[in-house]
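Okay, here's what each chain looks like letter by letter:
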Amino acid sequence: MQKSLNIDPDKCTGCRQCEMACSFEKEGVFNPSRSRIQVFEFHHEGRFVPYTCTQCSEAWCMKACPVDAIRTDGGLGAKLVNDDLCVGCKVCTIACPFGTINYVPDTGKVAKCDLCDGAPKCVEACPTDAITFIDAAATGMDRMRKWAATNNPASAQNA
Amino acid sequence: MHHVIIGAGAAAVSAAETLRQHSKTDKITMISAEGANPYSRMAIPYLLTNKIDEAGTHLRQRPNYYDSLNIEVIKDVAVSLDCANQSVMLENGGALSYDRCLLATGSVPLKPKIEGINNSRVHNCWTLEDARSVAQYAQADMPVVLMGAGFIGSIILEALALRGVELTVVEHQDRMVPRMMGEKAGGLLKGWCEYKGVRILTSTDIVRVEQRSETRLNIHLSTGDVLDAGLLIAAAGVKPNTAFLQGDQIVVDHGVLVDEFMLTSYENVFAAGDVAQALDFSSGKREVQAIQPTAVEHGHIAAMNMLRASSVRHRGSLVMNVLDTLGLLSCSIGIWQGVEGGDMVERFDPDRYRYLCLQFDGEKLVGATVVGHRDHQGALRGLIEGRYLLGAFKEVLMKDPNKIMEAYLAVAQTDATLVR
Ligand SMILES: Cc1cc2nc3c(=O)[nH]c(=O)nc-3n(C[C@H](O)[C@H](O)[C@H](O)COP(=O)(O)OP(=O)(O)OC[C@H]3O[C@@H](n4cnc5c(N)ncnc54)[C@H](O)[C@@H]3O)c2cc1C
Ligand code: SF4
Numbered sequence: 001m002q003k004s005l006n007i008d009p010d011k012c013t014g015c016r017q018c019e020m021a022c023s024f025e026k027e028g029v030f031n032p033s034r035s036r037i038q039v040f041e042f043h044h045e046g047r048f049v050p051y052t053c054t055q056c057s058e059a060w061c062m063k064a065c066p067v068d069a070i071r072t073d074g075g076l077g078a079k080l081v082n083d084d085l086c087v088g089c090k091v092c093t094i095a096c097p098f099g100t101i102n103y104v105p106d107t108g109k110v111a112k113c114d115l116c117d118g119a120p121k122c123v124e125a126c127p128t129d130a131i132t133f134i135d136a137a138a139t140g141m142d143r144m145r146k147w148a149a150t151n152n153p154a155s156a157q158n159a
Numbered sequence: 160m161h162h163v164i165i166g167a168g169a170a171a172v173s174a175a176e177t178l179r180q181h182s183k184t185d186k187i188t189m190i191s192a193e194g195a196n197p198y199s200r201m202a203i204p205y206l207l208t209n210k211i212d213e214a215g216t217h218l219r220q221r222p223n224y225y226d227s228l229n230i231e232v233i234k235d236v237a238v239s240l241d242c243a244n245q246s247v248m249l250e251n252g253g254a255l256s257y258d259r260c261l262l263a264t265g266s267v268p269l270k271p272k273i274e275g276i277n278n279s280r281v282h283n284c285w286t287l288e289d290a291r292s293v294a295q296y297a298q299a300d301m302p303v304v305l306m307g308a309g310f311i312g313s314i315i316l317e318a319l320a321l322r323g324v325e326l327t328v329v330e331h332q333d334r335m336v337p338r339m340m341g342e343k344a345g346g347l348l349k350g351w352c353e354y355k356g357v358r359i360l361t362s363t364d365i366v367r368v369e370q371r372s373e374t375r376l377n378i379h380l381s382t383g384d385v386l387d388a389g390l391l392i393a394a395a396g397v398k399p400n401t402a403f404l405q406g407d408q409i410v411v412d413h414g415v416l417v418d419e420f421m422l423t424s425y426e427n428v429f430a431a432g433d434v435a436q437a438l439d440f441s442s443g444k445r446e447v448q449a450i451q452p453t454a455v456e457h458g459h460i461a462a463m464n465m466l467r468a469s470s471v472r473h474r475g476s477l478v479m480n481v482l483d484t485l486g487l488l489s490c491s492i493g494i495w496q497g498v499e500g501g502d503m504v505e506r507f508d509p510d511r512y513r514y515l516c517l518q519f520d521g522e523k524l525v526g527a528t529v530v531g532h533r534d535h536q537g538a539l540r541g542l543i544e545g546r547y548l549l550g551a552f553k554e555v556l557m558k559d560p561n562k563i564m565e566a567y568l569a570v571a572q573t574d575a576t577l578v579r
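If you read the protein sequences in the order shown, they are chains A and B.
Note that our numbering has the first sequence beginning at 1, numbered continuously upward.
Note that our numbering has the second sequence beginning at 160, numbered continuously upward.
No lab work stands behind these hints: they were computed from the structure.
Treat the hints loosely; a few may be bogus.
DSS-like, lysine-lysine: derived pairs with alpha carbons at most 27 Å apart [unchecked claim]:
(1) B:LYS355 / A:LYS109
(2) A:LYS146 / A:LYS3
(3) A:LYS146 / B:LYS562
Note that the structure is predicted; figures quoted are calculated from it, not measured.
Using the sequences provided together with the hints, build the complete structure.
Written out as structure tokens, the structure reads:
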């Protein structure tokens, strides 16, 4: 079974270790704003919500890309941006209805979560197990993926 | 079953892939007027700035891709369609008969009616061939005039500026990208371009093109001014490419009219992409959108219905544009102008070239304009297309429109976030 990130906001304390680990792994800097997983804060409820790409199978970003720069990693099912092909047109950033692929002005390309080759650094960094990497079924992410599959007008089987 | 796709752009390739994904045996033929390697017009600006070479514009970049899917791409031009006999006439002689036909011929640039416009130093920037000509003339320090600062014009603007030409942009309307954003946002773009050294003349027309010397043109303006130019690029709009559809078998309004199954007025003939006038998500009317994501959606939905009649309904495509103007990012989605009786919230920070505007219809977000912000813009699409009721988060957004992602997570991703 494919593995998926599972996020349990109930366990998140908002320490942002995941953002630090991600930005360091991917960009070589400790800078939460460069992280591909982001923690959102809901003041009223005192709740923190880590959030990133679901790796949806009929990926909206992948379908919209004009130059074949986003492809599926066979084993993991992760959607990877090929920096050599990406022209930085940003169409994928508005095509993705989850808002989880973003443009990086420094590189002139887009960046998204790629599951770190199967060993996600955010998971390793999280001290409370709010982010885990587990079998895909029945995770919140899996529900997002199902929604993505049935709602994508560029690939849904039944609209 | 034989599927003949006329065209080889975004809509055509999306359709061909969908056909193959769902049928291993049907015959699929793509007719490509511009060569054997289907490419993306959208990639042309990046070719002009040498970010990629011509191969980098190809819609699919895996070796033998179409062969491996048993999709035949033939280089030819469709000159007419005989719906009664279900066949497509080709320029190189011969005809192709079809069981299902898809019109995916895109759009063609409008030719402005201006005295002297037929000149070897006047070009469009729409095809690879155009791009080659533009690259030849648009050398560093060359004075270049760009006619039109709409969405496509503004994309070309950036490519030209990055090539180091001495650029002047002439726009008929009173602001840049007039059909993509309002005065404040469009004004920011203009101010930014001027700050970056590009001259932008709005509310101005080109009235005459005159050959001044072998290598130079005089561009006469409605203001009486005359511009020196070694190249004039016309980006004054496009129209659906329907010229090959003679007769009245296929009903054409602005573009080829299609129903919610992407079917034209004639049986077994479908249309997709720039050439199609299809359902718009926001207005519920049939409109020509002429953008890449819409072409991909159309192609997919048309293919599903070519395989099985009336199987997948098009719920309407959402208009969305994202633009990078010399480092200033902007985007507009849906009904950015707002709806009658709706609410709007706006943040305008001209000193920092920032603008944010959200448009609501009751409790739903229906449109947005964003300048100078870059993250999570996709969530705007998510919120609009999901037609989510914002509830208490409408107030949150009215107070602070920057809280888009929080609103999105709270109303659209309750499963993932557990926020109620
Ligand atoms: C410079 C530039 C930048 C752009 N940037 C963006 C952007 O940033 N975002 C965005 O959303 N959109 C952008 N667009 C628009 C986008 O490229 C189009 O919306 C998209 O290409 C439409 O796809 P399509 O398949 O409908 O048509 P096209 O891609 O135009 O393909 C039409 C195909 O039909 C072929 N053809 C035409 N007539 C015939 C015939 N009679 N017989 C056989 N073949 C024929 C053509 O050769 C071509 O292969 C840009 C366009 C240009 C020119
Ligand atoms: S920004 Fe890069 S990955 Fe995204 S659609 Fe454009 S080329 Fe493809």
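The hints, checked one at a time:
no. : hint                : verdict
1   : B:LYS355 / A:LYS109 : holds, 22 Å
2   : A:LYS146 / A:LYS3   : holds, 15 Å
3   : A:LYS146 / B:LYS562 : holds, 26 Å
Comparing the model with each earlier hint shows no violations; every hint is respected.
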